[in-house]
Structures are given as structure tokens and as C-alpha cells.
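*Asks:* The residues making up each chain are set out below.
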Amino acid sequence: MSAIPLSHILILASILFIIGFVGVIVRKNTLYMLMSLEVMLNAVGVAFIGAGSAWQQADGQVMFILILTLAAAEVAVGLALLIQMQRKFKSLDIDLLSKLRG
Amino acid sequence: MMILSPLEWMFYLAALLAVVASVKVITGKNSVHSLLYLVVSLLAVAVCFYLMGAPFAAGLEVIVYAGAILVLFVFAIMMFGLGQDETLHAPKIASMRIWLGPCCIALVLLVQLLYVIDSSALQEKLTSNIIDAKQVGTLLYGPYLLAVEIASFLLLAGLIAGYHFAKPDGQYEHLNIQQSTNEKGEL
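Taken in sequence, the protein lines are chains A and B. FYI, the working numbering numbers position 39 of the first sequence as 39, with every residue one higher than the one before it. FYI, the working numbering numbers position 36 of the second sequence as 36, with every residue one higher than the one before it.
Read the hints as simulated data drawn from the structure, not as lab findings. Among the hints, a few may not be true.
[As the list claims (entries may be wrong)] FRET-style restraints, in silico, Cβ to Cβ: (1) Lys134(B) - Ile11(A): 20 to 26 Å; (2) Lys134(B) - Lys88(A): 15 to 21 Å; (3) Ile160(B) - Gln56(A): 25 to 31 Å; (4) Leu10(A) - Thr127(B): 22 to 28 Å; (5) Lys88(A) - Thr127(B): 53 to 59 Å; (6) Gln56(A) - Trp99(B): 39 to 45 Å; (7) Thr127(B) - Ile18(A): 21 to 27 Å; (8) His8(A) - Ala133(B): 34 to 40 Å; (9) Ala133(B) - Asp93(A): 42 to 48 Å; (10) Tyr115(B) - His8(A): 18 to 24 Å; (11) Lys88(A) - Leu4(B): 51 to 57 Å; (12) Asn29(A) - Trp99(B): 17 to 23 Å; (13) Ile11(A) - Ile3(B): 19 to 25 Å; (14) Ser120(B) - Gln56(A): 19 to 25 Å.
Ideal placement from N, C-alpha and C gives every residue a C-beta, glycine not left out.
Modelling step: build the complete structure from the supplied sequences, incorporating the hints.
*Replies:* Here you go:
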């Protein structure tokens, strides 16, 4: 059994997740939205590791590694899209993407 | 009010630093500064992982997240151009003050790390419920083998998409020319 209670770990994870979620909702800059997404994915990782250590199972860390992979792929695609957006619109404002016309 | 053990103190301090740094990330005005706070936030979470008894995940967090993914962010921000970056015109003192915040948080985390490694009582408590890399690896290449394969597909898709989307528009033109000449040749 871990020295830190699971509930506190989950509270930390949800606080971090809410911070990231607020960032995604509030910010208009697409780069900040991507960074907030990173914070959210990280919060999910905290929840998994906390649960894994509470039950003394390695599954939590396996899930964390998979989340890490997901974050890497997501950032690669997201940043490439951002580069395209900067090139086309000369701005990173998400509102410019409201018209999807090929 | 119950008395917290040193381990709990370390954990709550690192958690607090992670939350503070995350709030600074989403409220920042300059993207590079927000990125700095994001690095510090990830380092604080790595300290939390270590204290939860997952040193392997803590190492991965520092190496892959803070080391690789955020460097990708830095590269992308550099590609966006520093034209709209307000730090270029800011006086030197102001930029020093901006660096100070992340530096202080990182320093506190370093002190925490040194204390945790140095304190034998803490180490004893930590090693009793540790999940090491061997257990994770056995699980990863046993029951989770299919998930690893799917993750490799995901990374391949990310690689191809990153290459395709980041390509400048001009690079498609020679393809169009070739296609049109082919069509003309066939006609």
C-alpha cells in the first residue's frame, strides 16, 4: 500500500485535468490549446500511476506508456497542422478555422 | 490536524508546484514562457510519480515528455517565427524576471529530489512499495503485446501525418505537373 492515499492522488489528477480543460476551452490560440491538451493527458497519467501504485499492479504504468505514445503522436500531428495554419492564415487563432472550405 | 510524514510533505509540495505551474501555462501571454512552465509542471509530476513508487514512469516522464515532446513544441514555435514575440523588444531585466519563476520552481524540485535520495528513512519507505521497470516490461511484452503493436501503428501514422502536413505547399506542384504530362501523353 502506498503511503499517499489514492483519493488525494485522484484529487490532484482531477485538478490538473480541469486546469487543462479550462485551458482548452478558454484560450483562442491553437498552440495554447495543444499545451492544455498535454496537461490533460498528463493528469490522466497521474490517475493511472496512482491507481497502479494503490493496487500494487504494473498495469497503471503500462497504460502510462501508452498515453505517452498517444501524446507523442498527437503532438506531431497537431504541430504539423499548426505550421500549415500559420502558413495559410499567418495566425494561430482558432476562430479562423470556422470555415472549412478545402 | 494530523501530522504529515516527510514523504507526504514532499508529495503535496510537488503536487502544489505542478498545479501552480499548470495554471501559469494556461494563463501565460508568451508561448515560450508558457512552455517553460509546462516543462516545470511535468518535472513536478515526475517527482510525484517517484514518490508514488513508480521511478520508471518518473524517468519516462522526464525523458520523453519534458525531453522530447516539449522540444518538438520549441521547434514548432521557432518555426512560427519570432516576429510577434514580445520578448524581442522587452528590456533585459524584464526577461530575467520572467525566467525567475520557472527557475525557482525547478530549484525547489531539485532540492526535493536531493532530499528524497539522501534521506534513508524515505528511501526505506519508498522501496517497500516500488513497481520497477522489470514488472512493467514483463507485462508490456506479455498480455499487452497487441497494445504495443497498435501503439507502433499510431506512431507510424503520426510520423506520416507530420511529414505530410508540415510539407510546404510548393512541394505538391511537381506532382501535379507530372500527372498533367502523363494525362497529356496518354491523350
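*Asks:* Please go over all the hints and tell whether each is borne out by the structure.
*Replies:* These are the hints, each one checked on the structure:
1. Lys134(B) - Ile11(A): 20 to 26 Å: 31 Å, violated
2. Lys134(B) - Lys88(A): 15 to 21 Å: 49 Å, violated
3. Ile160(B) - Gln56(A): 25 to 31 Å: 39 Å, violated
4. Leu10(A) - Thr127(B): 22 to 28 Å: Given about 24 Å between the Cβ atoms, the range holds.
5. Lys88(A) - Thr127(B): 53 to 59 Å: 54 Å, holds
6. Gln56(A) - Trp99(B): 39 to 45 Å: 41 Å, holds
7. Thr127(B) - Ile18(A): 21 to 27 Å: Distance hint for Thr127(B), Ile18(A) is violated at roughly 33 Å.
8. His8(A) - Ala133(B): 34 to 40 Å: 25 Å, violated
9. Ala133(B) - Asp93(A): 42 to 48 Å: For Ala133(B) and Asp93(A) the Cβ distance comes to about 43 Å; the hint holds.
10. Tyr115(B) - His8(A): 18 to 24 Å: Holds, at about 20 Å.
11. Lys88(A) - Leu4(B): 51 to 57 Å: Between Lys88(A) and Leu4(B), where Cβ atoms are some 53 Å apart, the hint holds.
12. Asn29(A) - Trp99(B): 17 to 23 Å: Holds - the Cβ-Cβ distance for Asn29(A) and Trp99(B), about 22 Å, lies within 17 to 23 Å.
13. Ile11(A) - Ile3(B): 19 to 25 Å: Between Ile11(A) and Ile3(B), where Cβ atoms are some 20 Å apart, the hint holds.
14. Ser120(B) - Gln56(A): 19 to 25 Å: For Ser120(B) and Gln56(A) the Cβ distance comes to about 23 Å; the hint holds.
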